Amino acid sequence: EAGVTQFPSHSVIEKGQTVTLRCDPISGHDNLYWYRRVMGKEIKFLLHFVKESKQDESGMPNNRFLAERTGGTYSTLKVQPAELEDSGVYFCASSQKIMETQYFGPGTRLLVL
Amino acid sequence: AQSVTQPDIHITVSEGASLELRCNYSYGATPYLFWYVQSPGQGLQLLLKYFSGDTLVQGIKGFEAEFKRSQSSFNLRKPSVHWSDAAEYFCAVGDFTGGGNKLTFGTGTQLKVEL
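These protein sequence lines are chains A and B, in that order. My numbering applies: residue 3 is where the first sequence begins, and numbers increase by one. My numbering applies: residue 22 is where the second sequence begins, and numbers increase by one.
Some clues are possibly wrong.
Computed footprint of chain A on chain B; a stretch qualifies when at least three of its residues, placed anywhere within it, have a C-beta under 8 Å from a C-beta of chain A [stated by the list, open to error]:
1) 61-75
2) 121-132
Distance windows between CB atoms, simulated [unchecked claim]:
3) B:Arg90 / A:Ile100: 21 to 27 Å
4) A:Asn64 / B:Gln79: 37 to 43 Å
5) B:Gly49 / A:Leu113: 33 to 39 Å
6) A:Pro63 / B:Gln63: 23 to 29 Å
7) B:Leu67 / A:Asn64: 29 to 35 Å
8) A:Lys99 / B:Arg90: 24 to 30 Å
9) A:Val14 / B:Gly119: 33 to 39 Å
Hints were generated in silico from the structure; no laboratory data involved. Treat the numbers as computed from the prediction; the structure is a model and nothing was measured. Backbone N, C-alpha and C define an ideal beta-carbon position, used for all residues, glycine too.
Work the whole structure out from these sequences, hints included.
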């Protein structure tokens, strides 16, 4: 069974540009989560999808971040326009049901110059 | 709001030595606790979790953790460390209130293993 996959693995962009990160959850997992780790600090929750609906987006830092999960399968996280402080590692995770283990992807390393 | 503290940023142990990584949490209700490990270039892998029941939890790769409510701790242990255990370890508490599933992580402990 394939795990959670994320694309790209690395992205280097300039301040003001747009970047879109993609996450493919484990097949059959209704729950999809985004997290971010900035500059060696703790990993922080961004948001949680149940199928295509946003269950909890309390961790989204501001309106420059837009997450979508059309059709309840893969998800994208767009940052527009990117700022220097957006640099970090963006993790995606999925779980079959709520209150079950979250399985994490390898992360996307974003560097904003 | 819940929080997790991992007081040790870096730990170095010799191969074959025992290991204990500390984790303290703050959470108003019964905590759901996790330990994840991230090896270089890899994603986060679940080592073990505590939801209820026996307070000594066994995980993969020979790791175990003990939940101590009185100390608000969930320390990770391994009796004999292998060089392949070098990685970053994260303790987390889960919040399932409001129909959600949100993990709050500590800042991580980087483990170095000396041969």
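Each hint, compared with the structure:
| no. | hint | verdict |
| --- | --- | --- |
| 1 | 61-75 | holds (count 7) |
| 2 | 121-132 | holds (count 9) |
| 3 | B:Arg90 / A:Ile100: 21 to 27 Å | 24 Å, holds |
| 4 | A:Asn64 / B:Gln79: 37 to 43 Å | 42 Å, holds |
| 5 | B:Gly49 / A:Leu113: 33 to 39 Å | 38 Å, holds |
| 6 | A:Pro63 / B:Gln63: 23 to 29 Å | 26 Å, holds |
| 7 | B:Leu67 / A:Asn64: 29 to 35 Å | 30 Å, holds |
| 8 | A:Lys99 / B:Arg90: 24 to 30 Å | 26 Å, holds |
| 9 | A:Val14 / B:Gly119: 33 to 39 Å | 37 Å, holds |
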